[in-house]
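If you're matching them up, the sequences are chains A and B in order.
Take 1 as the starting number for the first sequence in the working numbering and just add one per residue.
Take 1001 as the starting number for the second sequence in the working numbering and just add one per residue.
Because the hints were derived from the structure by calculation, they are not lab data.
Please note that a few of the clues may not be correct.
As the list claims (entries may be wrong) - Stretches of chain B that chain A covers, calculated by requiring three or more beta carbons in the stretch to come under 8 Å of a beta carbon on chain A:
| id | segment |
| --- | --- |
| 1 | 1134-1144 |
| 2 | 1315-1321 |
| 3 | 1351-1362 |
Ideal Cβ placement from N, Cα and C applies to all residues, glycine included.
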Amino acid sequence: MVRAAISSVIAIVVLTAVFGFAYPLVMTGFGQVAFSRQANGSLIHANGKVVGSKLAAQSFSGPRYFHERPSATSPAYNAGATTFANLGPTNSDLAKNVKAAAAAILKLEGPYNPGLTIHDIPVDAVTTSGSGIDPDISPAYAQLQAHRIAAVRHLPLATVENLIHENTTGRSWGFFGEAGVNVLELNLALDRQAAS
Amino acid sequence: MSGQGISQIVVYAIALVALGYPLGLWMARVFTARRVGGRALGAVETGFYRALRTDASKEQDWKSYGKTVLVFTVLFWALLYALQRLQGHLFLNPDGMKGVPSHLSLNTAASFVTNTNWQFYGGESTMSYLTQMAGLAVQNFVSAAVGIAVMAAVIRGIARRSSATLGNFWVDLYRGLVYILLPLAVIVTAILIWQGVPQTLHGHVTATTVQGAQQTIARGPVASQIAIKQLGTNGGGFYNSNSAVPFENPTGLSNFVEMLAILLIPAAQVFMFGKMVLARRHALAVLAAMFVVFLVGVAIALPAEQHGSAVLRNAGVNITMGHGQSGGNMADKEVRFGQADTALWATATTDASNGSVDGGHDAFTPLGGAVPLVNIFLGEVIFGGVGSGLYGMFFYIVIAVFVAGLMVGRTPEWLGKKLEAREIKYAALGALFVPTMVLALAALSIVTKSGLASIYNSGVHGFTETLYAYDSQGNNNGSAFAGFGLTNFSADFGSIAMLLGRFVPMFAALALGGALAQKKIVPASAGTFRTDGPTFVVLLVGVIALTAGLMIFPALTLGPIVEGLMH
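So here's chain A without its partners, still in its complex pose:
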């Protein structure tokens, strides 16, 4: 027992040094050299300042921007404290939240999409994401918002649709995962379009 304890204590020191320090530090060195943009959080800079990360949704309000999916974090889109909503499939709060989100979308998008009903709203638009900072919306939800953006920004619909297309990440290698539209990058592209 004593022998096992002595060996254990030494093993704990050695293993902590190797797997707790050497391994992550070497990998950090590798990441910083080989893929420094990704290793530092895929940050997006504008005018020398950090405006966000490609991998985190951020709050967009008003008619001029594409909107993100709902978020359960506090405050919304908190990339420092991610969370699920954890509302069960029969929870009445889930029903309430979905209805409220759908009503808000109908009110916002309705004027630009004549004949819009709740049946046209893609499900990702009214459900919280897993992380609370899902950077993507479905191409269907982007398409729904395109009419509003085009009208408010006085752009041809085709221009907006083009931007959506350019900021859609397809499946990796055309196979893994699902297609999504990165909202932050899309909105930044919109602003650049306005500036040019």
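The hints should help you fit chain B onto chain A, whose structure is shown.
Using the frame of chain A, we list chain B on its own:
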């Protein structure tokens, strides 16, 4: 199921076998060869044993082996507890995290040394980089290697004849860590960084968003931790929402690699077993039984999630797949994964004892959520946890062979060893202890005020949350119906579940291995029940379904089944 969903599953299964087979042969070599690798590597290895003041050539019997595991684990547990309590006063804490409260620290320490990685905390807002790197991530390696070591010892017990010993724990620990886990972790880390997972020692960033708000973005040495949490069937994420968070799992490709990492070693260890006991066809039958249960799980979960929940259908929003969306039950799921990748992940992570998630299980449909619940309850033997999955499967195999023996009226034999009363008792203990404990703890939690305080969703779903919590901790999985909340009661009951759930089956397996090692080999005769071929596959699946499967059924009717019928 859609064509895309089916092809994802097929490609996943093929990749698993294609990579698992060579890895399994390599693992068999690692645990049988006198020396692995060249002279330099050998010298490092010898140096490690010398530093530990242990004689690597001296083998241990099962009791001595188990004792060493226990002492080693208890001491590491103490260190992990101290690290959390004191992190506020220590270095590598750029975001000024305070000491973790005592009940939570106890639970988290138990969680990581038992390879459970249940998380009652949000990593990015609770733990300092020091705790994450030097505490939790080390355990991701070590607890996994302990599982692999015990499995190697038990397999030796099956393979040997008239032997008193099973191997040397320190040798098995070192070899699992250095020759199996570390190289794989380095490869997966590199892929993940390339795909976008952060790996930095810099603290949180505050961004000024496009519309002028302030946004905190957590980052850190993430990739190195995610790689091993997937490979070591640990599952404890850097972020609260685990692999649903884009910083842990940014793309469809990273998702595939992380999913593959969940079941890679668990699949490989079946091949390792076949090689070490010289019974390839038997190992293939075991693998086939695993695939059967795995595919049944996916075939239930994926259509259930794609069909969507009643709330979403009744609301009238568009949940149909196609026209620019994957549709289905998107609550607590990410757009880039959709239904197929989330359902496949949920099945894989609970077939193994991984417990990482890429979507919220609490928000799954009743039927979709029942799949992970049942998978875990079966003891995570479908591929299973690293090490623990296969030695857990041995219990079922022994019971299956015993049942077959009863049916044909002969002494049951497994791989040339006669199974007698002692072995059957160990196997029964190993197979039945955890399910019984899980049901008891869940029941206690449901009838006490302190237990009920953890429930987040009211009604039937709250019952399922509780059952899932003890199911997950008792079986060392770590995934959650994450609404289930932290109280002193739930933290302490959880610790008990995790520790007993880890060590009772582990000691039953070691005892089984020790008993088998002492036996002679009896040559197979015409009356020997064959443990390969389709008959055995059916028998094994049947035994799993009839033991643990029937035990969970009454609880299942009170939870997911009632909830599914309610609308």
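With a cut-off of 8 Å between beta carbons, are at least three residues of the segment 1351-1362 of chain B near chain A? Coverage by chain A holds for the segment 1351-1362 of chain B (5 residues, Cβ < 8 Å).
Can the segment 1134-1144 of chain B be counted as covered by chain A under the rule of three residues or more with Cβ-Cβ separation shorter than 8 Å? holds (count 6)
Given coverage of the segment 1315-1321 of chain B by chain A, checked by CB-CB distance under 8 Å (3 or more): Three-residue rule met by the segment 1315-1321 of chain B, so holds; n is 5.
In the structure shown, no violation is registered for any of the earlier numbered hints.
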